[in-house]
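Visitor: With our numbering applied, the sequence shown covers 1 to 434.
Hints listed in this document are in silico derivations from the structure and should not be mistaken for laboratory results.
Treat the hints with care, as some may be off.
Calculated cross-link-like contacts (lysine-lysine; reagent style DSS-like; alpha-carbon spacing at most 30 Å) [unchecked claim]:
| id | residue 1 | residue 2 |
| --- | --- | --- |
| 1 | Lys-360 | Lys-392 |
| 2 | Lys-333 | Lys-417 |
| 3 | Lys-327 | Lys-392 |
| 4 | Lys-333 | Lys-392 |
| 5 | Lys-327 | Lys-286 |
| 6 | Lys-417 | Lys-360 |
| 7 | Lys-286 | Lys-417 |
| 8 | Lys-417 | Lys-392 |
| 9 | Lys-286 | Lys-177 |
| 10 | Lys-327 | Lys-360 |
| 11 | Lys-333 | Lys-360 |
| 12 | Lys-286 | Lys-333 |
| 13 | Lys-286 | Lys-392 |
A quick note: this is a predicted structure, and the numbers were derived from the prediction, not measured.
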Amino acid sequence: MVENTQDLPEGEEARTGLAARLRSHVLPLVLAGVAAIATVPAGLEPWQALIGYGAFAAGLLFWRTGKAGARSRARKKAAKLNPPDFAIIEALDMPTIVFDRDTQIVRQNAAARSLVGAYPERAVLSARIRSPAILDLVARVVARGIPESVEHTERVPSERWHEVRVAPVSTAADPGKRLFVITFRDLTEARRMDRMRTDFVANASHELRTPLASLMGFIETMQGPARNDEAARSRFFGIMLEQAQRMARLIDDLLSLSRLEMRAHVAPEGEVDLGRTVAHVVDTLKPMASDLGVEIELELPEQAAVVTGDVDELIQVFSNLIENACKYGQTGKRVQITVADTEGEGAHVTVRDFGPGIAKEHVPRLTERFYRVDVETSRAKKGTGLGLAIVKHILARHRARLVVRSTPGEGSAFTVKFGPSVSGKISTKNQLYN
């Protein structure tokens with residue numbers, strides 16, 4: 001409830017009301033006194049006349065005051081039985097602020113203090129919230145008494161969206177002292193997901209449309225001007241095969257992402273030897289690295305580094321990281337791979353190249369779908385823009401994380417860090433290591 005400094009204690013309030021009534025009933029009291037005095041000569045005893053006058057005066061002065069006191073006591077009793085439950089407001093994780101008709105703050109919970117800052121005592125709402133849209137919303141609700149909401153966007157220091165709702169609250173103790181509640185529902189994550197979904201559809205459509213347009217163009221050319229040109233047909237068939245393979249790789253990566261998202265909440269249960277897994281991937285990629293002129297250096301721990309995971313998915317992770325290091329760090333001529341198991345921190349695998357490196361503004365976005373540091377270079381190296389997004393999803397399912405460190409001109413290091421391994425059922429496929 002809002003504190004009212006004009007409220008008086010019950011006894012003082014009664015005394016103030018009695019003096020006011022005494023002033024307003026001077027004439028009836030005087031007339032009653034004259035009548036009482038007149039009854040004495042008529043044969044009434046003086047004490048009887050005095051008692052009659054006292055009863056009349058008491059009824060005149062105290063009857064309505066008694067009713068007012070009863071109403072006041074009833075209000076106070078209702079306030080004790082139905083106090084505003086600020087404990088519930090404090091327990092909410094949604095920022096909530098309670099204020100009165102004058103927009104003076106009555107209470108704010110911890111979430112509101114974190115969002116807009118702590119209000120000083122007896123401060124008004126505009127001391128912390130200065131958005132014209134929100135203040136206009138508050139003014140409308142206070143004037144009309146009808147709940148309303150508005151969507152508010154902040155650009156600084158970071159882009160955030162909130163649905164701001166203001167609603168009146170009638171109190172059982174005193175309906176005249178109406179309070180109002182303003183709440184902030186965070187829409188930031190939902191808006192970002194919508195934007196990411198829109199961008200994903202647009203990027204996927206674009207990536208599929210490009211090779212499809214090439215295929216259609218070459219088919220039309222072969223049906224027309226190059227119908228009888230054997231050399232052109234052979235060259236066009238090679239380009240068409242390359243574009244079809246690009247579409248196949250993109251579709252395979254999209255299907256992999258879809259499968260991973262469906263199983264993101266299911267943690268793997270098997271045990272995987274990281275050393276053997278990485279060694280298998282290195283053996284598989286050595287011919288590709290040799291064609292690129294890159295030497296792969298592998299450092300394994302003395303004891304097996306075993307983690308809880310799915311061997312097929314971890315092979316996909318390390319294949320992506322090592323292949324990227326060979327392709328995009330080709331100028332460094334070598335790739336270092338280190339597998340280690342540190343007590344307390346868990347196992348980790350680091351893939352380091354000595355190529356051109358990555359500028360710091362690109363590093364936070366590397367795992368976004370279809371994000372490329374250099375679009376032309378990525379397409380020339382047959383990248384789909386989904387490799388690191390797949391890595392991120394697989395590591396999230398394995399409760400692991402990817403740490404990227406890069407210095408332009410010196411190369412990049414991608415480290416996969418696992419937590420302490422939890423023993424589970426052995427599910428590694430030994431034939432993959434042979």
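Visitor: Could you run down the list of hints and mark each one as holding or not?
Guide: So, going through the hints one by one against the coordinates:
1. Lys-360 - Lys-392: 19 Å, holds
2. Lys-333 - Lys-417: 26 Å, holds
3. Lys-327 - Lys-392: 20 Å, holds
4. Lys-333 - Lys-392: This hinted pair holds, its Cα atoms lying about 27 Å apart.
5. Lys-327 - Lys-286: 12 Å, holds
6. Lys-417 - Lys-360: 21 Å, holds
7. Lys-286 - Lys-417: Cα-Cα ~24 Å, so holds.
8. Lys-417 - Lys-392: With Cα atoms ~12 Å apart, Lys-417 and Lys-392 stay inside 30 Å; holds.
9. Lys-286 - Lys-177: 79 Å, violated
10. Lys-327 - Lys-360: Holds, at roughly 20 Å.
11. Lys-333 - Lys-360: 23 Å, holds
12. Lys-286 - Lys-333: 13 Å, holds
13. Lys-286 - Lys-392: Since the Cα atoms of Lys-286 and Lys-392 sit roughly 24 Å apart, the hinted pair holds (cutoff 30 Å).
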